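What follows is each chain in one-letter form.
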Amino acid sequence: MTDNPFMTMKNIDKSFNGVPVLRNVSLKVEKGEIHALLGENGAGKSTLMNILGGVHLPDNGSVYIDGEQVRMLNPRISQEQGVSFIHQELNVVADLKVYENMFLGSELRNKAGFLKVEEMCRETHDVMATLGVDINPKEYVRNLDTSYKQLIEIAKALLRKSRLIIMDEPTTSLAEHEVNRLFELMRSLKQSGVSIIYISHKLKEIKAVCDSYTVLRDGELVGTGSMEKENPETITKLMVGKAISQERYVHDNPFGPVIMEVKNLTSEGLFNDINFTLKKGEILGFTGLAGDGRTELFESLFGYRKKYSGEVRINGELVKIDHPRKALKAGVGFVPKNRKENAIIKDLSVIHNMSLSSMGNFESSGFLRDNLEKERFQYYKDALNIKVHDPQITIDKLSGGNQQKVVIAKWLEANTEILIFDNPTQGIDVGAKQEIYQEIVTLSEQGKAVIVLSSEAPEIIKICHSINVMYQGEITARFDGKSANEEEIMQYATGSKREAEKIG
Amino acid sequence: MANIDAKEYSTKPSTTKSRLSWLWSEYSVIIAFIVIFIASAILNPRFMDLNNQLNILMQVSIIGIIAMGMTVVMLSGGIDLSVGSVLALAGVISVLALNASGSILVGIFTALLVGSFAGFLNGLMVAKGRIASFIATLGMMAGARSIALYIADGGSVSGEVAGFTAISNSDLWIFDVPVIIFLAMTAAVFVIMHKTRFGRYVYALGSNEKAALLSAIRVDRIKIGVYTLIGSLVGIAAVIETSRLNSISSSSSGAQYELDAIAAVIIGGTRMTGGRGKIIGTLFGVLILGILNNMMNLMNVSPYLQGFVKGLIIIIAVVFQKRE
Ligand SMILES: Nc1ncnc2c1ncn2[C@@H]1O[C@H](COP(=O)(O)OP(=O)(O)OP(=O)(O)O)[C@@H](O)[C@H]1O
Ligand SMILES: [Mg+2]
Chain A
1 MTDNPFMTMK NIDKSFNGVP VLRNVSLKVE KGEIHALLGE NGAGKSTLMN ILGGVHLPDN
61 GSVYIDGEQV RMLNPRISQE QGVSFIHQEL NVVADLKVYE NMFLGSELRN KAGFLKVEEM
121 CRETHDVMAT LGVDINPKEY VRNLDTSYKQ LIEIAKALLR KSRLIIMDEP TTSLAEHEVN
181 RLFELMRSLK QSGVSIIYIS HKLKEIKAVC DSYTVLRDGE LVGTGSMEKE NPETITKLMV
241 GKAISQERYV HDNPFGPVIM EVKNLTSEGL FNDINFTLKK GEILGFTGLA GDGRTELFES
301 LFGYRKKYSG EVRINGELVK IDHPRKALKA GVGFVPKNRK ENAIIKDLSV IHNMSLSSMG
361 NFESSGFLRD NLEKERFQYY KDALNIKVHD PQITIDKLSG GNQQKVVIAK WLEANTEILI
421 FDNPTQGIDV GAKQEIYQEI VTLSEQGKAV IVLSSEAPEI IKICHSINVM YQGEITARFD
481 GKSANEEEIM QYATGSKREA EKIG
Chain B
1 MANIDAKEYS TKPSTTKSRL SWLWSEYSVI IAFIVIFIAS AILNPRFMDL NNQLNILMQV
61 SIIGIIAMGM TVVMLSGGID LSVGSVLALA GVISVLALNA SGSILVGIFT ALLVGSFAGF
121 LNGLMVAKGR IASFIATLGM MAGARSIALY IADGGSVSGE VAGFTAISNS DLWIFDVPVI
181 IFLAMTAAVF VIMHKTRFGR YVYALGSNEK AALLSAIRVD RIKIGVYTLI GSLVGIAAVI
241 ETSRLNSISS SSSGAQYELD AIAAVIIGGT RMTGGRGKII GTLFGVLILG ILNNMMNLMN
301 VSPYLQGFVK GLIIIIAVVF QKRE
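Protein sequence lines, in the order shown, are assigned to chains A and B.
Counted from 1, the first sequence has number 6 at position 6 by my numbering; the numbering is strictly sequential.
Counted from 1, the second sequence has number 243 at position 243 by my numbering; the numbering is strictly sequential.
Mixed in with the good hints, there may be bad ones.
Cross-link-like lysine-lysine pairs, in silico, DSBU-like; alpha carbons within 30 Å at most [to be verified]:
id, chain 1, residue 1, chain 2, residue 2
1, A, 397, B, 210
2, B, 210, A, 28
3, B, 195, A, 161
4, B, 195, A, 326
5, B, 128, A, 329
6, B, 278, A, 306
Just so you know, the hints here were simulated from the structure itself, not pulled from any lab data.
Please read these numbers as outputs of a predicted model, since none were measured by experiment.
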């Protein structure tokens, strides 16, 4: 490493309410390098970046850019120093159009002060094109898929002339080809001298694109170095302090009777003629690329979307689910993707988020019992390794991965016979992922029926008995989990192959 | 994963500065209340007089009861502008029912029924009609007032049943009955909001409606419940208002009550967009408004200027909340 790195953070300390979160952490990033920032959920990665981005002030320590000390008192100062920040949680405004989001706070105006709408649209279109995305700049963000929202966040940072881009888990809802585009772009940014700090729990990505790394554990620096000498196993070890098995989790547990049967489910423009059956004890996977309609399909089955036709039977009985409450009553639970929008009640405490879908479990004679909630939370805290000092604080103070675990706990607590997980490991670290997988497999061994949606084929292969691949709203292939492989799944997911006889 | 023992670090702030800011953010209304209370005691010796203190409580009881309902509505992310008009309407109809039946119970029951039915309609418009609460309750505000005026032919109606005035004009020990009703309603709403699932759902809904729906909460029913709750509290307030002078004016009773109630809620620290706020905060917000009114009377501030002072206080309260 050179002696004058582009950005240095020195001896950073930070506590929240007396709880130390960062202790004496230092970080160096060279000009034109992609630097991985690694660590378990709650290790302090986002907090460190929030300090660099001017969102939080450090208790101690200093930040240098180009050798000069800068006091990052607020996000504006940080931006003026050429630092762009892609936050872990999506911050797009759903009620604005794509281009309005892109230029929020820095709108282009002509001399008379009027907005230059066409120019903003054109620039939006151009940046999006470099990411390989073709969306109408005048579309309302509300109508877009989560992966597009994430791409808008990324594009927003690219629009500014940045010298350093912080990417805090930018790929959690992206499909593989979108990730690859992003990587190409990152490499060309690197060529032009831009530095990037890259946070991710996906080791393959880190190995593919990063030049060097820094690892945090429990708020302390545990290692830093060049990526060349490392491989996924050694990085995992650095992060969680142990090796992680790569084997399939799921075993051939015997299935029970059919619990859910779906016939000819169709919703105009979203999905078409979907058929499948789900047995007790079975883990069924659904995968595909953005726009495959799998999320919409299961949002419909959960009653969040009402406009669909077709038959759904649960335990042999025809049901019409048009409200999530009815789904819950029928024994269907749903862990949605994009927790910030769909799952987190940020003004409620961690405990109250956990109990929200199963209040009946905590009532006696009509009144809530605090201590029952507390006890139950303690159970999930241990089972899922949720890192929180005081579960009475509001959930938005938790690290992203730990928030996700609370959302999962909420639906485990609802204890439904059928549980649908949409992108369940969003933002969860490698170690904790295994715990979630284990939890899912245990559910199935207890005779629960599980559906897992994920854009990551390896994840689906690891935990599913059988796998459905979707392409543009249709099921195009079905694999046995044991014999499935990634390449084949991708061929069906991208639409380049279709099974001859009509499935789905 | 090294689990850090929760007991090792206290969650209470460590440094004096952060402790102060923590205290302020949690209890700013109570601190403001204490400051205003002490200042009032110093400025005017008559303020501390027990009768004056009890008088303040009596003065705020009607607005206080309405403000409790308003807190729930605002926590759910809505607002109710119709409370004053609905109070007049419930008052007018209940007096008619009282006189026709000769039964005080029928009168009270009618007020509750009219209030909660108006609230229920507000709830239907907001939840099922997807009309913004501001617009829906603005419509109800105009409509309820108009019906009250029509029924009473623009004037007042008076009770003709002996004993009806006793509701507002008798006391238990040293407290007037309206004060006791106010405190009881505060306690009831507190319990509803913190000890029942309804309350939990209201907070969830006000904070993130989509996530609440995806948590399998019947969001529509909760909204209807919220507006029905404030409606029935307005019905109770209408009984007190009517019983006080044994009459209710279809044109002026309840006028601008929505402003005072909303002011109390905001001073009490409830967030305008919902999801965050406390019943206790509103209680102190109501008391602050009561003390200010009382002090302005004691110090002979022109009644024309009193609105100005009140407006100023509301704006200061909001500015302080923004700093968090
Ligand atoms: N505003 C806050 N108030 C209190 N505690 C906080 C706050 N922000 C973060 N923390 C705590 O700081 C710790 C580090 O959180 P941080 O978000 O930096 O983790 P992370 O490394 O980004 O984890 P993840 O991979 O899950 O995103 C967590 O234990 C979290 O609970
Ligand atoms: Mg994070």
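Looking back at the numbered hints, which does the structure fail to meet, lowest number first? Hint check: 2, 3, 6 fail, others pass.
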